[in-house]
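K.L.:
Take a look at the letters that make up each chain.
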Amino acid sequence: MKNKALRRFRLELPLHLLLIPGVLVTLVYAYGPMFGIVMAFQKFSPALGFLHSKWVGLKNFKYVFNLPDFSQVLWNTFYISLLKVALGIVVPLVLALLLNEAAKNWFKRLVQTSIFLPFFLSWTVLGGVIFELFSLKGPINSLISGLGAQPIMFLGSNTWFPAIIVGSDVWKGMGYNMIIFLAAIVGINMNLYEAAEVDGAGKWKQLIHVTLPGIAPIVILLSTLSIGGILNAGFDQILILYNPTVYESADVIDTFVYRLGIFDQQYAPAAAIGLFKSAVSLGLVSLSYYLAYKFSNYRIF
Amino acid sequence: MVYKQSIGRKLFVVVNGFVLTAVMLLGVLPFVHLLAISLSSNSAAMAAEVKLWPVGFTLEAYNYLAQKSEFLRSLGISAERVALGTAVNMLLVVITAYPLSKSNAQFKYRTAYVWFFAVTMFFGGGLIPTYIVVKETGLLNTIWALILPGALSVWNMVMLLNFFRNVPKDMEEAAVIDGASHWALLWKVYLPVSLPAIATIVLFTVVGHWNSWFDGILYMNSPEKYPLQSYLSTLVTSINKQAISVEDLKRLENVSEKTLRTAQIFLGALPIMLVYPFLQRYFIKGITVGSVKE
Numbered sequence: 001m002k003n004k005a006l007r008r009f010r011l012e013l014p015l016h017l018l019l020i021p022g023v024l025v026t027l028v029y030a031y032g033p034m035f036g037i038v039m040a041f042q043k044f045s046p047a048l049g050f051l052h053s054k055w056v057g058l059k060n061f062k063y064v065f066n067l068p069d070f071s072q073v074l075w076n077t078f079y080i081s082l083l084k085v086a087l088g089i090v091v092p093l094v095l096a097l098l099l100n101e102a103a104k105n106w107f108k109r110l111v112q113t114s115i116f117l118p119f120f121l122s123w124t125v126l127g128g129v130i131f132e133l134f135s136l137k138g139p140i141n142s143l144i145s146g147l148g149a150q151p152i153m154f155l156g157s158n159t160w161f162p163a164i165i166v167g168s169d170v171w172k173g174m175g176y177n178m179i180i181f182l183a184a185i186v187g188i189n190m191n192l193y194e195a196a197e198v199d200g201a202g203k204w205k206q207l208i209h210v211t212l213p214g215i216a217p218i219v220i221l222l223s224t225l226s227i228g229g230i231l232n233a234g235f236d237q238i239l240i241l242y243n244p245t246v247y248e249s250a251d252v253i254d255t256f257v258y259r260l261g262i263f264d265q266q267y268a269p270a271a272a273i274g275l276f277k278s279a280v281s282l283g284l285v286s287l288s289y290y291l292a293y294k295f296s297n298y299r300i301f
Numbered sequence: 001m002v003y004k005q006s007i008g009r010k011l012f013v014v015v016n017g018f019v020l021t022a023v024m025l026l027g028v029l030p031f032v033h034l035l036a037i038s039l040s041s042n043s044a045a046m047a048a049e050v051k052l053w054p055v056g057f058t059l060e061a062y063n064y065l066a067q068k069s070e071f072l073r074s075l076g077i078s079a080e081r082v083a084l085g086t087a088v089n090m091l092l093v094v095i096t097a098y099p100l101s102k103s104n105a106q107f108k109y110r111t112a113y114v115w116f117f118a119v120t121m122f123f124g125g126g127l128i129p130t131y132i133v134v135k136e137t138g139l140l141n142t143i144w145a146l147i148l149p150g151a152l153s154v155w156n157m158v159m160l161l162n163f164f165r166n167v168p169k170d171m172e173e174a175a176v177i178d179g180a181s182h183w184a185l186l187w188k189v190y191l192p193v194s195l196p197a198i199a200t201i202v203l204f205t206v207v208g209h210w211n212s213w214f215d216g217i218l219y220m221n222s223p224e225k226y227p228l229q230s231y232l233s234t235l236v237t238s239i240n241k242q243a244i245s246v247e248d249l250k251r252l253e254n255v256s257e258k259t260l261r262t263a264q265i266f267l268g269a270l271p272i273m274l275v276y277p278f279l280q281r282y283f284i285k286g287i288t289v290g291s292v293k294e
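In order, the protein sequences belong to chains A and B.
194 is the number that UniProt numbering gives to position 194 of the first sequence; each next residue is one higher, with no gaps.
147 is the number that UniProt numbering gives to position 147 of the second sequence; each next residue is one higher, with no gaps.
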């Protein structure tokens, strides 16, 4: 009996050895920060570290929740990412439906390639492009002055800035979801269309009764999965594009944590907000996976 | 199949063509505009005369960049990061996915390991504790700060793991009978069979390393150590946002180095623009395999 266990261990030993590097990296750089979260309950001092800093209970949480800007930041996070999620599904969906109706294959491929391009570029590059397009003397404003209106300071206006954030995010990401939707449309059984045609359904009726029901599962799946990311309003993007004039409308949890923690060196309060965010996100992600499993039978493993 | 072409249908086809063309241009024209500025004379660029075609064509900006040490240095760091980072990422993803693709009968502790990794997909320490751990492990100001914290992408690992599971069992058994070790099995059977998945992950990894900019800003104390995208971010926007105001924004628009700035941004995007049309189908495969699975 003992011999058998030993043999099994010898057999599996190489598998354990292969896992060592991955386990080490994950332990240090994924679990390490998780334990580092204890600093949210400490009067953290970098000199003393996680282990020796003084415990202060919930003081950091009270402090940050009472910061004057905090409720605004929460609200910005929610409404920016809700808009991103909604438009990030609707726009690619419409594009996929339109593209599916295009007759020529080369045209389809050309459109798809162009729409997908911004997805692969970094926010630094896209930020540079956006600054260029929306600057006071940029092409958008010269169009506006051409129509006889006053130029608009898009990136310094609390009215326009969130629209630019949401719009550019949809622009960058729409190719991705569009391809998923297109794949789903192509996967619909052609017999269904033929049957609908025999029944006298025109193109519009076919769309309503065949195409949309056919891709509904994937639309529901993507929507539920995006619930989990609702507190991620787009850190990279906003950090590149925003400035103090538009904090009021565009400062989100992540950018707030970054400034509080890295610039003001208020490590512990920043970590407290981070923990708050991680905890809420964990709940939302669990909920979204539960819903995705329930509605679409989706599992990652 | 022949459709009856009603007037409504014809009208739709035309309008649809226009709409799709407009959306297509939306994806391309901004970059054409950027390129046009970078190839124009500084005065034309400053006067905002340039639209989609260079005004007063000159390669001055690009000539200047060929000698600009900050640009070249950051380009070198990016190249190093992509090479080293991709190598590390791929090695880790492969040797981690292999044991976890075994069944519980073959590998007793598989489930425990899977959970160990999966947890990190759903919960993280957040920015500040991660920064402190990177600092405490002595990585600040080294290239490893850009590589080690993200060295194992659990998402990619799960994707590869699912792919490994579909490796035909008889191939594996034949190799085992021939006396192949796990190591030989991995390199001689699993990897060759999984090349499409490997290619997709390599591409995602390369693009990810090339595009990352924030970790450079966060972990490098001096701009001399910035990779290209981090360096570009300092051109595009002042990261120390504490001080910037509407006046600064206006000033930023008027810096005399406009053509130079756009040239650098364009070069930051160029490698991806060049390879992307050819690699697109791999990406598409990766996306659809990863998401539309039942």
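Calculated from the structure, these hints are not laboratory results.
Where a beta carbon is used, it is the ideal one built from N, C-alpha and C, also for glycine.
Some clues are possibly wrong.
[Claimed, not checked] Here chain B is said to cover these stretches of chain A; the calculated rule only asks that three of the stretch's residues, wherever they fall, bring their Cβ under 8 Å from a Cβ of chain B:
hint, segment
1, 114-128
2, 136-148
[Unchecked claim] List time: in silico DSSO-like cross-link candidates among lysine-lysine, alpha-carbon distance up to 27 Å:
hint, chain 1, residue 1, chain 2, residue 2
3, A, Lys203, A, Lys108
4, B, Lys169, A, Lys108
5, B, Lys102, A, Lys4
[Stated by the list, open to error] Just a sample of chain A residues kept apart from chain B, beta carbon distances all over 10 Å, derived:
hint, residue
6, Glu12
7, Pro33
8, Phe41
9, Gly57
10, Leu82
11, Leu95
12, Trp106
13, Trp160
14, Lys203
15, Ala216
16, Thr224
17, Gly261
18, Ile262
19, Tyr267
K.L.:
For each hint, tell me whether it holds in the structure or not.
P.N.:
Evaluation of the provided hints:
no.: 1; hint: 114-128; result: holds (count 13)
no.: 2; hint: 136-148; result: holds (count 5)
no.: 3; hint: A:Lys203 - A:Lys108; result: holds (19 Å)
no.: 4; hint: B:Lys169 - A:Lys108; result: violated (40 Å)
no.: 5; hint: B:Lys102 - A:Lys4; result: holds (20 Å)
no.: 6; hint: Glu12; result: violated (6 Å)
no.: 7; hint: Pro33; result: violated (2 Å)
no.: 8; hint: Phe41; result: holds (12 Å)
no.: 9; hint: Gly57; result: holds (18 Å)
no.: 10; hint: Leu82; result: holds (21 Å)
no.: 11; hint: Leu95; result: violated (6 Å)
no.: 12; hint: Trp106; result: holds (12 Å)
no.: 13; hint: Trp160; result: holds (13 Å)
no.: 14; hint: Lys203; result: violated (7 Å)
no.: 15; hint: Ala216; result: holds (14 Å)
no.: 16; hint: Thr224; result: holds (13 Å)
no.: 17; hint: Gly261; result: violated (4 Å)
no.: 18; hint: Ile262; result: violated (7 Å)
no.: 19; hint: Tyr267; result: violated (5 Å)
The structure fails hints 4, 6, 7, 11, 14, 17, 18 and 19 (numbered hints given earlier, in ascending order).
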